[in-house]
Amino acid sequence: MQKVKQLFFLIWLILPIISFGKTAIINVSLLKKSDTLYANVFSDIQLTKAIDESIKNGFTLEFSYEFNIVKPQWYKIRSFANISKNYLLSYQHITSEYRLVNPVTFEAKTFKKMDAVIDSLNTLQQFPLIPIAQLPDEKVVLKVRFRLNSQNLPILLRLENMIDSDWDIDSDWVIWPIS
Amino acid sequence: MANFLNKNKILFYLSYLVAFITLIALFLLSKATEGSQKFEQFYQPLLIVTLVGIAFLFIIVVSYLLQTINHYRQKKPGASLSVTILIRTLLLSFIPLLFISFFAFKFLKYEFQSSFDKGINDALNNSLVLSKKALDVRALKALEDSYAIAKIIAPFEFFTLQTDLEKIRKQYDAFELTVFDEKGFIQSFATKNNQSIIPDIPEHSDFTRVDNENGVFIVESNQNSFQIRSLVSVKKLGAPNYYLQSLFYIPDTISELTTQVNKTISERDKFNYLMPKVNSSFIFVLLLVSLLASLLLILSSIGFASNMVQPIRDLLRGTKHVSEGDFSKPVISKRADDFGTLINSFNQMTQSLKTATEEAETNKNRVESERAYLATVIKHMTAAVVTLDYEYKLLTYNERAEQLLDCPLDEVVYLPLDTIHYTLENYKNFINQLNIGEHTDDISPELNIEIDQSGETKQFLARITPLPSTDELHGGYVIIFDEMGQYLQQQKQAAWEEVARRLAHEIKNPLTPILLAAERLNYKLSGHLEEKEQQVLTRSIDVISKQVKSLKNMVDDFSHYAKPINAKKSNVSINTLLKDIFDLYKGHFENITFSLVLDAKHDEIKGNTNLLRQVFHNLIKNAIEACEEKVSGNITIQTNNEDNVLTICIDDTGIGLPVDNGDDIFSPYITTKEKGTGLGLAIVKKIIVEHHGSIHLDNRYSDEEKQTIIGTRAAIYLPLQHESIAAEMNSE
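As you go down the protein sequences, you meet chains A and B in turn. Count along the first sequence from 1, then add 95; that gives the number in our numbering. Count along the second sequence from 1, then add 5; that gives the number in our numbering.
Treat the hints as calculated values from the structure; they're not laboratory data. Backbone N, C-alpha and C define an ideal beta-carbon position, used for all residues, glycine too. Do not rely on the hints blindly, as some may be mistaken.
Said to hold, decoys possible - Which residues of chain B face chain A? A partial, calculated answer using Cβ under 8 Å:
1. Ala37
2. Phe47
3. Ser136
4. Ser226
5. Glu261
6. Thr263
7. Ile270
8. Asp274
9. Leu279
10. Lys282
11. Phe351
12. Gln353
13. Lys359
14. Val548
15. Ser637
Claimed, not checked - Derived pair list, reagent style BS3-like, types lysine-lysine, alpha-carbon separation capped at 25 Å:
16. B:Lys282 x B:Lys325
17. B:Lys146 x A:Lys207
18. A:Lys208 x B:Lys275
19. B:Lys282 x A:Lys151
20. A:Lys144 x B:Lys584
21. A:Lys151 x A:Lys180
22. B:Lys268 x A:Lys144
23. A:Lys208 x B:Lys268
24. B:Lys384 x B:Lys463
Could you build the full structure based on these sequences and the hints that come with them?
Written out as structure tokens, the structure is:
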């Protein structure tokens, strides 16, 4: 028993070290406006050198904020809505700038530096989640995370994504109550 | 064992199946690595299948190798050969595999390194630089135009600015012109896009840069087109700084070309970025292939070694069985190769060996049986027999020989004559006196040998018979000898028998006329003589009659003694016979106690019941008479078995025998009784000899010094039934 306790204590000590330098959702605020539920998300996104290198080498990476409206139950999680906000990030050699494109609206933003890209990604303002009328009467929560969508990567980068920690930029799920 | 072999075989086949599946997975994996869309989605499962397959094979191979090493260390049959085959096969196979792997790695590296030529790379880089320069030139022109426009509009009036800007925009072919005040608020703008109500606003930092650098330009991309944004200050006299932003679109042809260059550069960069990864991936797949090939190679080598060694193991097991004398387990093999032929030959050899061994065993048993038969015959021969080898070493002897030579011959067996101890001097003297060397070719005549035994000279009559042999080193001699005294005794016995026969013939004939004459005389004279004379006559006739009858009885006894015994023999149970006789005597004598101890488990002999009954009656009668002379006594009758001889002892506690009588007591006319004819024991001995037995009559003493006689023992030795048959045959 003593050893199990020691092990848990060790894990508790190590956890912050492991999570250091990892993308995290810092804050989520919900806003009801015009019968729609909006989300403001502020996060601390860590795009690593490996990510930057791959973008600069011509790859377009897809990032997304994923929102899940769920009802947590002890035996299963019941999902009501899955929404995501996607970004396509690429680099242009001619202009030496990063292009952040909304794949739905094709709205594009260009940035000279990666930090500017990260600043832009860190903040998501008034993202419409769901019409309020569609929200269930039950008590539900909002789960949010930021992730790199690896499905569209070439197989070799997908492998790297699996085994290389430099490619692990996904944040943990953050649960936010919907009142 | 068979179960274990089957399990091993199943595991082997399973390993090959896993290897085959892994090989297919590896093939598909390589396809996926090459970029096949079909297999790309299965990359992860394929990789997992491959790794699991290789791990499984690795475990199997390691366990087999450990097992082989263990067998080698434990020096199990075939393990050494198995290791040798394994090492050689691996050496033979690994060298080409290493060569192939080495060159495959080398070619793979070369192919990737040479995929993109340096010249093409440089050309692409140059085209990028060129594109940039082209854009820069256009941007510089746009900046110059912006400066020019700024000069034109510098003395502007707000109410005409909008109109002027539109004219100038058209004049300079700008997409959009916008004037900002010193705080960055829009003062006026003119755009080619009529639907636009808000101009494109620069970054705040761009205004700062204009303050510092007087003017900036930025080349921006928009979908597949490029635009140049230039920002310059407008210096209006007496007023704060204004800013002019000009947006110029790059012509489509230049944009397209630049986009194309950009795309190509991106593709090249992608390729260059992925190249080491693809390279590593191919090397990884190649490594997996090499590993799989190596494991398969080792597995196949183990299988090959096992396949080669298995028949040898089977043969070794078979030879072990054969060496242990077990011919019942043939080596089973279904192989049709040379090993199969070898195993079949081995099985045939084992079968032949089995037949030969069985024959040898049968012959051995026969020889043993014959030897035992001969040994029994020799042992129970009344004459002494010894056999010698060609060096005069004693091989066999019988009890009689030991008895006559009065020395333990078991100490002499296989000993050279020179090394025989002085305590066995009788034997040595006897052999030396025989001069065997003079009789090597044929049966010797009867030889007279004299030996001093305990101060007494004993005479022996011996005959030497050389044994047949194929060479000089084999063969030997049989020496049959007997004591002359006994021989003489037998001659004496024969003489007595002859005398008795003649006496019976010569005396018995006149006895009847004598008796008849006497009776006639008594008849004729009776009543004619006076009483006194009559009494004399009657007494004389009575004496004549009694003496004639006595003489007749004596002659009958002689006749009986002399007559050869030709009685029919059948199986006789001595214990039963003695019990019958014992019942006749038990309780009929007040002062004599009878005991019967029948310890003989085997009591059946070949003999004549009446004659044997006569023997036992005679001996018991003698014992009773001996006891009666001492007023009272005990008579014990007992039987026993020793070897194949039945011993019957009749012990009494009577007066005993005169000490000096010895064997003479069995001679006719030798008696210790006043009324005895002296023929009783002679007849007893004759009957016993007729039954191939022997009889000894000795005093029993109370102490070892033989001071006090406590009675007599009559010991009869008779061969048991099968022994008696052998003796019968011998006598014939």
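Do the hints match the structure? See the list:
no., hint, result
1, Ala37, "6 Å, holds"
2, Phe47, "10 Å, violated"
3, Ser136, "6 Å, holds"
4, Ser226, "5 Å, holds"
5, Glu261, "12 Å, violated"
6, Thr263, "6 Å, holds"
7, Ile270, "5 Å, holds"
8, Asp274, "4 Å, holds"
9, Leu279, "6 Å, holds"
10, Lys282, "5 Å, holds"
11, Phe351, "59 Å, violated"
12, Gln353, "64 Å, violated"
13, Lys359, "68 Å, violated"
14, Val548, "135 Å, violated"
15, Ser637, "103 Å, violated"
16, B:Lys282 x B:Lys325, "61 Å, violated"
17, B:Lys146 x A:Lys207, "22 Å, holds"
18, A:Lys208 x B:Lys275, "20 Å, holds"
19, B:Lys282 x A:Lys151, "16 Å, holds"
20, A:Lys144 x B:Lys584, "124 Å, violated"
21, A:Lys151 x A:Lys180, "23 Å, holds"
22, B:Lys268 x A:Lys144, "22 Å, holds"
23, A:Lys208 x B:Lys268, "20 Å, holds"
24, B:Lys384 x B:Lys463, "22 Å, holds"
Hint compliance for this structure: hints 2, 5, 11, 12, 13, 14, 15, 16 and 20 are not met, and every other hint is.
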